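Sequences and hints are given; from them, build the entire structure.
Chain order of the listed sequences is A and B. Using my numbering, read the first sequence as starting at 1 and increasing by one per residue. Using my numbering, read the second sequence as starting at 1001 and increasing by one per residue.
Hints are supplied without guarantee of correctness; some may be wrong.
In the DSSO-like style, the derived pairs of lysine-lysine whose C-alpha atoms are separated by at most 27 Å in a straight line are [what the hints assert, rightly or not]:
1. A:K22 to A:K42
2. B:K1007 to A:K37
3. A:K42 to B:K1065
4. A:K42 to A:K57
5. B:K1007 to A:K42
6. A:K68 to A:K37
7. A:K57 to A:K71
8. A:K58 to A:K68
9. A:K22 to A:K58
FYI, nobody ran anything at the bench for these hints, they're computed from the structure. Bear in mind that the values here come from a model prediction, so they are computed numbers and not experimental data.
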Amino acid sequence: GENVEQHPSTLSVQEGDSAVIKCTYSDSASNYFPWYKQELGKRPQLIIDIRSNVGEKKDQRIAVTLNKTAKHFSLHITETQPEDSAVYFCAASINFGNEKLTFGTGTRLTIIP
Amino acid sequence: SAVISQKPSRDICQRGTSLTIQCQVDSQVTMMFWYRQQPGQSLTLIATANQGSEATYESGFVIDKFPISRPNLTFSTLTVSNMSPEDSSIYLCSVGSVNGYTFGSGTRLTVV
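Below you can see the structure in the form of structure tokens.
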């Protein structure tokens, strides 16, 4: 089955700097890759996603890149703000909406004011 | 996107007892998933529940411990049976549809 690895497990960056979180997946059939933000005591919230037919997607300060050949994808957050502090999870699925999500191990991002 | 109502939001249970968690969805969905999130950990899939068929369990999870019902396209339950302190965790339901994935608010279970 699918295995998703995520790193780093913790990341601290100065406010205003950029943060990058990386994930690799094992199943070449995976074609949907979302990123979730989870604040303490809350459910995961989708922040951005990408499908395998594109290499990059951007939404304001957040971007995701996908390298299908290498089977890895990354989350990029620019101009970080204190409210970006949270745990971030990557995930992968072989069929958007119709198959399970396999989650990475998570990254605790701390923005230092 | 679908809206999920998950109950209870939290519970404290005695070891050896069982707890049933309910998820009600505001629209018909084919795929429902049950996850466990242990303290400080990621989400681990327990099982996939499709209406009208037996749930499909992931490695390490068995039906006797986590029986699931899926009587229709808007409702599912997960029971945590014969609980031990190791079952203390957050349990989340999720649905998949053409609009993507939605998560319930979670059930925080403490077993004492």
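message: Checking each numbered hint in turn, tell me which of them this model violates, lowest number first.
response: As far as the earlier hints go, not one is violated by this structure.
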